Amino acid sequence: MKIFVCIKQVPDTETKIKILSDQSGIDPAGIKWVMNPYDEYAVEEAIKFREKNAGAQVWVITSGPKARAVEALRTGLAMGADEAIVVNSPENLDAYSTAKGLAAAIKAEGGAHLVFAGKLAIDSNQSSVPQMVAEFLEIPHTSVVSKFEATAENVTVERDVDGGSKEVVQMLAPALVTANKGLNMPRYASLPGIMKAKKKVIKEVEFSSLGIAATEQKVKYVGYSLPPEKPAVKQLTGDASAQVSQLISALRDEAKVL
Amino acid sequence: MSKVLVFTEFQNGSLKRSSQELLQFAAKTGKPVVALVLGAQAAAGAAQAAQHGASEVFVSKDTAYDAYNPELFSAAVAEAIQKSAATLVLASTSATGKDLLPRVAAKIGAGVVSDGTEITVSGEDVKVKKPLYSGKCFVTAQFENASVKIVLMRANQLPVAAADTTKSATITEIAFAKPSLKTLIKEIIKGTSEKLDLTEANIVVSGGRGLKEAGGFGMINDLANVLGATVGASRAVVDSGWVGHSMQVGQTGKTVAPSLYIAVGISGAIQHLAGMSGSKVIVAINSDANAPIFQKATYGIVGDAFEIVPKLTEEFKKALQH
Chain A
34 MKIFVCIKQV PDTETKIKIL SDQSGIDPAG IKWVMNPYDE YAVEEAIKFR
84 EKNAGAQVWV ITSGPKARAV EALRTGLAMG ADEAIVVNSP ENLDAYSTAK
134 GLAAAIKAEG GAHLVFAGKL AIDSNQSSVP QMVAEFLEIP HTSVVSKFEA
184 TAENVTVERD VDGGSKEVVQ MLAPALVTAN KGLNMPRYAS LPGIMKAKKK
234 VIKEVEFSSL GIAATEQKVK YVGYSLPPEK PAVKQLTGDA SAQVSQLISA
284 LRDEAKVL
Chain B
286 MSKVLVFTEF QNGSLKRSSQ ELLQFAAKTG KPVVALVLGA QAAAGAAQAA
336 QHGASEVFVS KDTAYDAYNP ELFSAAVAEA IQKSAATLVL ASTSATGKDL
386 LPRVAAKIGA GVVSDGTEIT VSGEDVKVKK PLYSGKCFVT AQFENASVKI
436 VLMRANQLPV AAADTTKSAT ITEIAFAKPS LKTLIKEIIK GTSEKLDLTE
486 ANIVVSGGRG LKEAGGFGMI NDLANVLGAT VGASRAVVDS GWVGHSMQVG
536 QTGKTVAPSL YIAVGISGAI QHLAGMSGSK VIVAINSDAN APIFQKATYG
586 IVGDAFEIVP KLTEEFKKAL QH
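Residue numbers (the working numbering), protein chains in the order written: chain A, 34 to 291; chain B, 286 to 607.
The reader is advised that the hints may include incorrect statements.
Stated by the list, open to error - Here are the computed distance ranges between Cβ atoms for each label pair:
#1 B/P595 to A/E287: 39 to 47 angstroms
#2 A/P98 to B/N506: 43 to 51 angstroms
#3 A/V234 to B/G408: 46 to 54 angstroms
#4 B/E409 to A/E239: 27 to 35 angstroms
Unchecked claim - From the structure, some residues in chain B lie toward chain A, with a derived Cβ separation under 7 angstroms:
#5 K392
#6 A431
#7 L469
#8 I470
#9 Q536
#10 L545
#11 A582
#12 Y584
Just so you know, the hints here were simulated from the structure itself, not pulled from any lab data. Note that this is a predicted model, so its numbers are computed, not measured. Just so you know, even glycine gets a beta-carbon here, dropped at the ideal spot from N, CA and C.
Use the sequences and the hints to build the structure in full.
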């Protein structure tokens, strides 16, 4: 019984983003790459499932340039995943092609009983690939999940929706869920885990071998630019009453947001 | 001429502001606009879609669509795209939009761009500006090899004019084909808040550690009520259990881009800034003049939140009465 966890490697939140001079992308120099934070909840939930279900195996999978992307897989292995696959693909593959590649690689491994992923990747904020993987695998999905329970046939989850509401959703397995914060507390990698992950052979699949045509690339990012400089803050001075009345005038007459 | 299909959403019988934005934008492109309205509850408001720019409304009054189900909805949207022959599909980056449209894109071989903040449509050419890396840079997303282009826009990015009540549209009732379902919505547990979700609110008032304890949110709620705002929070206070995670703004919470964001007692950790720096006007109230939040703020007040906020509430009350 294979449990797949789709992982994305993203620049760490603290990383300063610089743009290449031809605006074709971000400057890779100096970027600290980490596993997407939401994916940690996904890995943790998969491992928890394995701990309760003998015979379950956790596979972490990612799509990206393998030279760097494998490091995110090693983080997953260090947390306790059993196996890892990298779909070696070019930078900036769009969501559609990425999902198609991941689904093809999962199918090639005999399919999944469960697929976990983070609810979104903090680099593109797209929240698209997992739902697309589910469609390509022809399995149901629920996104933004903060509670997960599974029997052999069913998956029951709580999905966080707008305004603090929750939906209780039941799906027939195999199924895909995307993890929200609150689903669990991701474990830290243990030292033996890290040592084992370093030695683990990571399975490599060439994206170009999956039979996905170049025309399956449907979205292209161009013209990378930095946000416009923010004007310096206007500090409002005087005592509290003076500050408050200045603020109200500014919001009404200058910013015109009231 | 090719059409635009807008996936609409309703709350308590009213067309959401985010859907109004999309319909009005779609009408301005000069293309015929088809609004998709799913469910018995939403169908009652179908006429509103016309008043905001739809020339045709596809509606299903089937109560099966009253609760969101990805399998059911993705089949209906795919069929609506095919029936309308729309080449551009617009939806909001809402809980439903983000879940649904990528699945539709995979189903029909469409391109999808999510979290757009600007959109330009010229003939069949569609360009979408969106932030990457939590707003640390911007990019223009272009479509290629996509006969259908799907765009999810952030709320509060497009202007909204008042509804034109003289307008009407052709209403077409459709019984969309239903796939056999592997997903069952067993229960919907309503949140305590009747307010707009953070991601759609036009004004957000957020509190952080500077409020000292959970009780500090009392005055934040008072201020928010006067402004008709939704209340947010920093990660620190969510992790301390003062408020629920659904209120968290930032990296592992929600990304918001309201017209006005008021941060009270929030120092401005990079994870928080990641979730709110797209706000049009940012007010920071903090006792520490060196707090990083002031680097992102439009207006800053260095002072005691417990003195400032109640005064602000009183003064807003007066100001908004005029």
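**Report entry** Satisfaction of the B/Y584 interface hint, Cβ to chain A closer than 7 angstroms
**Finding:** Hint on B/Y584: holds, closest Cβ of chain A at ~5 angstroms, below 7 angstroms.
Query raised in the report: Does B/L545 pass the interface check with chain A, least Cβ-Cβ distance below 7 angstroms?
Result: holds (4 angstroms)
Query raised in the report: Holds or violated: B/K392 as interface residue toward chain A, Cβ cutoff 7 angstroms?
Result: The hint holds - B/K392 has a Cβ within 7 angstroms of chain A, the shortest such distance being about 6 angstroms.
Query raised in the report: Can B/A582 be said to touch chain A, with a Cβ gap under 7 angstroms?
Result: Nearest chain A Cβ about 5 angstroms off; hint holds.
Query - Outcome for the supplied range 39 to 47 angstroms, where the beta carbon pair is B/P595 and A/E287 - result: violated (24 angstroms)
**Report entry** Closest C-beta approach of B/A431 to chain A relative to 7 angstroms, hint status
**Finding:** holds (4 angstroms)
Query raised in the report: Should the hint that A/P98 and B/N506 are 43 to 51 angstroms apart at their CB atoms be regarded as holding?
Result: This hint holds: roughly 48 angstroms between Cβ atoms.
Report task. Have a go at the B/I470 hint: is there a Cβ in chain A nearer than 7 angstroms to its own Cβ? Result -> Holds - the Cβ of B/I470 comes within 7 angstroms of chain A, reaching about 6 angstroms at its closest.
Report task. Grab the minimum C-beta distance from B/Q536 to chain A and call the hint holds if it beats 7 angstroms, violated otherwise. Result -> Constraint on B/Q536 satisfied, holds at 6 angstroms.
Query raised in the report: At the C-beta level, are A/V234 and B/G408 separated by a distance inside 46 to 54 angstroms?
Result: At 51 angstroms between Cβs, range holds.
Query raised in the report: Taking 7 angstroms as the limit, does the beta-carbon of B/L469 come near enough to a beta-carbon in chain A?
Result: This interface hint holds because 5 angstroms falls under the 7 angstroms limit.
Report task. Indicate whether the distance between the beta carbons of B/E409 and A/E239 respects the range 27 to 35 angstroms. Result -> holds (34 angstroms)
This entry does not satisfy hint 1, going by the numbered hints stated previously; all others are met.
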